[in-house]
Structures are given as C-alpha cells and as structure tokens.
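The listed protein sequences correspond, in order, to chains A and B.
Quick note: the first sequence, position 32, residue 32 per our numbering, numbers continuous.
Remember, our numbering sits 149 above the position in the second sequence when you count from 1.
Just so you know, these hints were derived from the structure itself, not from any lab.
Computed from a predicted structure; not experimentally measured.
One should not assume that every hint holds.
[Unchecked claim] The following residues of chain B were derived to be distant from chain A, with all beta-carbon distances above 10 Å: (1) C170; (2) I202; (3) L207; (4) T226; (5) T233.
[Unchecked claim] With a cut-off of at most 25 Å between alpha-carbon atoms, the simulated DSS-like pairs for lysine-lysine come out as follows: (6) B:K297 with B:K215; (7) A:K26 with B:K228; (8) A:K18 with B:K175; (9) A:K86 with A:K18; (10) B:K297 with A:K2; (11) A:K75 with A:K86; (12) B:K175 with A:K26; (13) B:K230 with A:K26; (14) A:K141 with B:K297; (15) B:K230 with A:K15; (16) B:K151 with A:K2; (17) B:K228 with A:K15.
Beta carbons are placed, not taken as given, at the ideal position from N, Cα and C, and that holds for glycine.
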Amino acid sequence: MKVLIAVDASAGAEKCCKWYFETIHKPENEVYIFSHAKKPDIPNSAFGGVAVLLAEEVQRTIIEHDCAVKELEDKYIELTKNEPGKITVTVETRGGSPGSSIVEKAGQLGVDVIVTGSRGLGTVRRTILGSVSDYVLHHAKLPVLVCHN
Amino acid sequence: MKVLIAMDGSHHADKAFDWYCENLHKEENEIFVYSHCDPPQVPATALGGLPSISAAQLDMMIKDHKHKCANLKKALTEKCKVFTGNATVLVETDDGSSGSNIVKKAQEISADLIVTGSRGLGTIRRTILGSVSDYVLHHVQVPVIVFKD
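Could you put the whole structure together from the sequences, leaning on the hints where they help?
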C-alpha cells in the first residue's frame with residue numbers, strides 16, 4: 001500500500017507520523033512523507049513611495065527558507081531512519097494552499113491513503129479540525145486518516 | 150490496538166470494512182464492528198390527539214425493527230469470520246444520532262482507531278463527507294479513517 005503522510009513543522013505532525021509507524025505501518029508499505037513549504041514572501045521596502053527590493057534582504061529570506069526546508073527534511077529522515085520499508089521524505093516549495101498541494105501530490109504518486117494530523121501550525125487552538133485536514137477530507141478521492149493531536 | 154469499525158449495512162460500509170482488512174489490519178488488533186440501528190419511526194399523533202396507527206401496526210414496526218437488527222448482526226458476524234483474532238459485533242439501538250452513538254461507543258470501549266465510511270445510507274449522492282463521518286471527526290480525540298471509494 002502506498003501511503004502519503006502530510007506533515008508540517010508542528011509537533012502534532014511529528015506525533016501523527018510516529019503514531020503511523022507504531023500502529024499502522026507494514027514493511028511492505030511505501031511511505032511518502034510530504035510537506036508543502038510555502039513560497040517565501042519576498043520583502044520589499046518602501047522608500048519615499050518607491051518600492052525597493054533590497055538584494056540582501058531577499059537573499060536572507062531565501063536562505064532562511066532553504067534552511068527551514070532542509071531542517072524539516074532532516075527531521076523526518078532522522079525520525080524514520082530505522083523503520084522498515086521504502087520511505088521517502090519530500091519537502092516542496094509551492095504556491096497555492098497546503099491542502100491542494102497534498103491532494104495533488106497524492107494523486108501524482110498514486111497513493112492509497114493520506115495520513116494527516118488534525119491541527120498544525122498557525123491554526124486557532126480550539127479548532128478540532130484545521131483548514132488543511134478539512135480541505136484534504138473534502139477533496140481527496142481516497143481514504144484519509146486523520147490523527148487528532 | 151482496539152479498532153472500531155462503524156457500519157450501517159450499506160454497500161459502502163462493506164467496502165470500507167474490506168479495505169481495512171486488506172490494508173490496515175494487523176492480527177493483534179481487537180476489532181469491534183459497531184452498527185447503530187435507528188429506532189423505528191413512530192408517526193406522530195394525528196389531529197385531535199388520536200394515535201394515527203393501531204397497536205397492531207406498532208407491534209409490527211417493532212418486530213420489523215428487531216428482525217432488521219438481527220439480520221444485520223448475522224451479516225456482520227459473517228463478515229467478521231475473516232478475522233483470526235478478537236472480533237465483536239455490536240448492533241444497538243439508542244437515542245441520539247448514529248454519529249453521537251459511534252462516538253459514545255468508541256469512548257466506552259476505549260477505541261484507538263475508528264474506521265468509518267464517508268457516505269452511507271440515506272445520504273445525498275453528491276455528498277463528499279456525510280453527516281455521520283463529519284460528526285465523528287469533530288467529536289473524537291482518536292485517529293479516524295474516513296474511507297472513500
């Protein structure tokens with residue numbers, strides 16, 4: 001069975017991933033751990049009404065972004081290094097919403113199930129079901145496993 | 150791990166069950182197949198406070214309901230033969246919606262995972278996420294698999 005585990009940098013996603021490997025995973029499963037990294041906002045500063053792109057700031061933003069991406073990839077590679085079976089970690093920088101990225105990626109890879117947390121980064125604390133898992137549930141045409149944090 | 154599989158006698162629920170067996174089940178899992186049977190709909194009293202159905206008709210309705218539940222239990226028990234480990238079939242009638250009863254049952258048995266379909270009986274065909282799975286997702290603290298075909 002091909003599995004896509006949708007993660008972000010939150011602790012909830014990590015818990016969800018660990019739970020999957022502890023209770024659901026089988027060595028014959030092919031696992032794709034996927035994270036949608038939002039395209040960094042390029043800063044611009046107004047100076048006398050004229051927008052000026054400061055090359056240094058832009059560069060710094062890009063480097064910070066790339067570092068965060070690498071950190072997340074490394075985190076999940078480390079987390080799953082001892083698990084049996086084929087496991088691939090991908091963090092992709094895209095436009096659009098995380099939800100639609102996840103559904104698209106799942107389609108591309110031809111997975112059989114999507115595993116997602118229920119809340120992640122940037123969601124209102126009292127939300128039981130965050131916007132991303134909600135999107136995936138309503139738009140994916142395949143089974144979705146929602147791990148509540 | 151204790152798994153509660155919510156079934157309603159629909160073809161979709163059967164598929165969800167089969168999918169769970171093929172892809173997620175592990176021998177050490179304890180299975181609880183749960184179906185909430187809606188109580189018979191007794192028509193409201195007619196004008197003038199007179200009951201609109203006779204005692205005999207009411208009797209028949211209750212008998213039919215019992216019969217329906219017994220048949221469902223038989224069918225589900227048959228399906229559970231595929232499990233070599235522990236499997237319990239529960240067909241119950243209670244007040245409240247199917248969703249709330251599934252949630253209650255999951256708490257009662259301390260389920261670690263709930264398996265539910267996305268559509269079942271009585272749902273509008275175009276619904277991507279039916280009312281029961283929606284309710285369950287928003288009211289439990291354990292992982293939920295929403296099966297889609």
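Worksheet item: Which of the listed hints are broken here?
Response: 6, 15, 17
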